[in-house]
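Sequence lines, in order, name chains A and B. For the first sequence, the working numbering gives the first residue as 36, with consecutive numbering after it. For the second sequence, the working numbering gives the first residue as 432, with consecutive numbering after it.
Hints are not guaranteed to be accurate.
[Said to hold, decoys possible] Okay, derived cross-link-like pairs now, DSSO-like style, lysine-lysine, Cα gap no bigger than 30 Å in a straight line: (1) B:Lys613 to A:Lys83; (2) B:Lys516 to A:Lys137; (3) A:Lys223 to A:Lys37; (4) B:Lys567 to B:Lys448; (5) B:Lys448 to B:Lys613; (6) B:Lys707 to A:Lys252; (7) A:Lys279 to B:Lys744; (8) A:Lys179 to A:Lys85; (9) A:Lys58 to A:Lys260; (10) A:Lys252 to B:Lys681.
For the record, the hints were derived by calculation from the structure and aren't laboratory data. Small disclaimer: the values here were computed from a predicted structure and weren't measured.
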Amino acid sequence: MKLVVLLKQTFDTEAKIVLKDGKIDDSGVTLIINPYDEFAVEEALRIKEKLGQGEVVVVSAGSDRAQEALRQALAMGADRAVLVKTDGLQLDEMVVAEVLAKVLQQMEYDLILAGWRAIDDSSAQVGVRVAEILGLPQINLVTKLEVGEGKITGHREIEGGTEVVEVPLPALVTAQRGLNEPRYPSMKGIMQAKKKELKVINAADLGVNATPKVEIKEIFLPKGKQAGKIFTDEPAVAVAKLVKALREEAKVI
Amino acid sequence: MGKVWVVAEQREGKLKKVTFEMVTLARQIGGEVEGVVIGKDVKGLASELGEYGVGKVYVADHPDLEQYTTAKYTRVLAELINKEKPEVVLIANSAQGRDFAPRTAQRVGAGQISDITGYEEGVFVRPIYAGKAYTKVGATSHPLIVTVRPNVFPAAEKTGGQAAIEEVAVSFMPEDLKAIVKEVVKQVSGRPELTEADIIVSGGRGMKGPENFKLLEDLADVLGAAVGASRAAVDAGWREHRYQVGQTGKTVSPSLYIAVGISGAIQHLAGMGSSKVIVAINKDPEANIFKVADYGIVGDLFEIVPLLTEEFKKLLKS
Ligand SMILES: Cc1cc2nc3c(=O)[nH]c(=O)nc-3n(C[C@H](O)[C@H](O)[C@H](O)COP(=O)(O)OP(=O)(O)OC[C@H]3O[C@@H](n4cnc5c(N)ncnc54)[C@H](O)[C@@H]3O)c2cc1C
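Pulled out of the complex, with its shape left as it was, chain A reads as follows (with noise of 0.2 Å):
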């Protein structure tokens, strides 16, 4: 079985957000894999071993740096990787996942792992938008999946629920937290994924036409909060101060 998984390389998820000349500046930020592709990572590493055979190939549009992500997914067991670089293109969804899509249309797959979303720009559309491109049918926020003959059924979050979809192969499935627990890798990995096929590929030779059809007018930094009204009284006062505060102050009773 040919699995592709999707991944972006992000901020780590205690990193200081740094806004310079306007933009967000990654100087000094440790970067990881976006915590939800490592599910998909996680999953595809498994379905191969469960099946017994296949290969597992990453994928990731970003800039050279993206390759530290890729070689960890290597070291987790991916077998290659493909790293497509953006820099200095005009990005926005649309135009990452008509990237990702050119490249994937030059490579086999019967499945295509993503995350739902990416923790950095949360937009959660690049894996749908991929499967729209492909023609694929998609399962979303998926916590549990069971490959069969020629199709697979996912378990996936509903508001109030879980949905059991079945769709044919090939498709696309984004991850969500639930699905599995993802591996560290082991030395053995982390000294075999050097050796392993990393190709690094232009996105501007790539020949997709697409612009961006939104634009980032401005960033900025949320205000501090005010310190909030700490009751240190005993146990029965505060409470009876912090009630009469939600009531009367906040007015949210």
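Here the structure of chain A is known, so what remains is to put chain B with the ligand in place on it, guided by the hints.
For chain B with the ligand alone, kept in the frame of chain A given last:
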């Protein structure tokens, strides 16, 4: 500004609150506010929308639309957009909306601005980096698809109007029917959904065990609140993942969020930072949660929470 569409979110024949919140936003954007209702036996909902001042409502009513699937909703909405050419299409940023919005956007060649929390003169405001920064995003072309975070905009009031109703012919292609919904497992709970709840009571590692969540449930019952959890509580197996609030959990924006025995890690704040009023109950006065809390009590939750439940009970009964 041309037509601004509100794609109604309905479940089991009832319009969801976020639909009315989107009507408010549509009015702020300006232009002609129109509605789209998709489902089976949903004509009544279209006239209901009219009572909230929506001038015209497109109704796609079809037996095959009883069960939501991505492909079916995308087919209906994309064709309607191509035909009627709205400028802006508002869709709820719910599990369902998030599922078909990008697919529809891609099919009609539209940009999408996801999970917005504000609007200012032609640009949409949305958090990035889990609320550590915000962007103002505008469209360079139309149509534009916008998904709207529930609980952020006030729900529109009834104006008593009447909508012109236009029935939309629905037909599917074979590929639209390939996805089979085998089963829908509903959560049986009298409590509101986390993402829609007006009040949320959340517990963390400080709860010490699954049995103690009963304390929070009692409090939630008095307040009509939903019960959430931190990742530590979920990882410990005390609550299901669907109740996790945070960066790898749900993003919520209730008017009141009560964090009990939660330290306030950055990844937790990422999910609840946009709550209107935050209350923290923690025995550690240095806990990070107090930095974002509007109100807090420093103390033992096992003592505080039962008292709080009693106090609310007294207040809400009188
Ligand atoms: C990639 C990534 C994603 C993550 N995503 C999420 C996420 O989505 N959501 C999330 O919540 N976390 C997330 N985390 C985890 C996060 O970093 C914290 O570990 C977690 O939020 C801690 O949960 P907690 O506050 O319940 O536990 P702790 O940090 O252990 O805090 C427990 C608190 O309870 C208080 N307490 C203990 N006993 C009592 C008592 N008797 N009375 C009153 N107070 C008491 C303590 O003082 C303490 O402040 C993520 C981490 C990573 C790395």
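Results of checking the hints against the structure:
1. Restraint check for lysine 613 of chain B and lysine 83 of chain A: the C-alpha separation of about 25 Å stays at or below 30 Å, so the hint holds.
2. Of the supplied pair hints, the one linking lysine 516 of chain B and lysine 137 of chain A holds, its CA atoms being roughly 28 Å apart against a limit of 30 Å.
3. Restraint check: the Cα-Cα separation between lysine 223 of chain A and lysine 37 of chain A comes to about 24 Å, which is no more than 30 Å; the hinted pair holds.
4. Between lysine 567 of chain B and lysine 448 of chain B, the direct Cα distance comes to roughly 25 Å. Compliance with the 30 Å bound is thereby established for this hinted pair.
5. Distance restraint check for lysine 448 of chain B and lysine 613 of chain B: the Cα-Cα separation of roughly 28 Å lies within the 30 Å cut-off, and the hinted pair is therefore satisfied.
6. For the suggested pair lysine 707 of chain B and lysine 252 of chain A, the alpha carbons sit about 26 Å apart, so the restraint of at most 30 Å is met.
7. Our distance criterion of 30 Å between C-alpha atoms is met by lysine 279 of chain A and lysine 744 of chain B, whose separation comes to about 13 Å.
8. Simply put, lysine 179 of chain A and lysine 85 of chain A have alpha-carbon atoms about 15 Å apart, close enough for the 30 Å limit, and the pair holds.
9. Straight-line distance between C-alpha atoms of lysine 58 of chain A and lysine 260 of chain A comes to about 22 Å, which keeps the hinted pair within the 30 Å bound.
10. Of the pairs offered as hints, the one joining lysine 252 of chain A and lysine 681 of chain B holds, with about 27 Å between alpha carbons and a cut-off of 30 Å not exceeded.
Violated hints for the displayed structure: none, as all numbered hints are satisfied.
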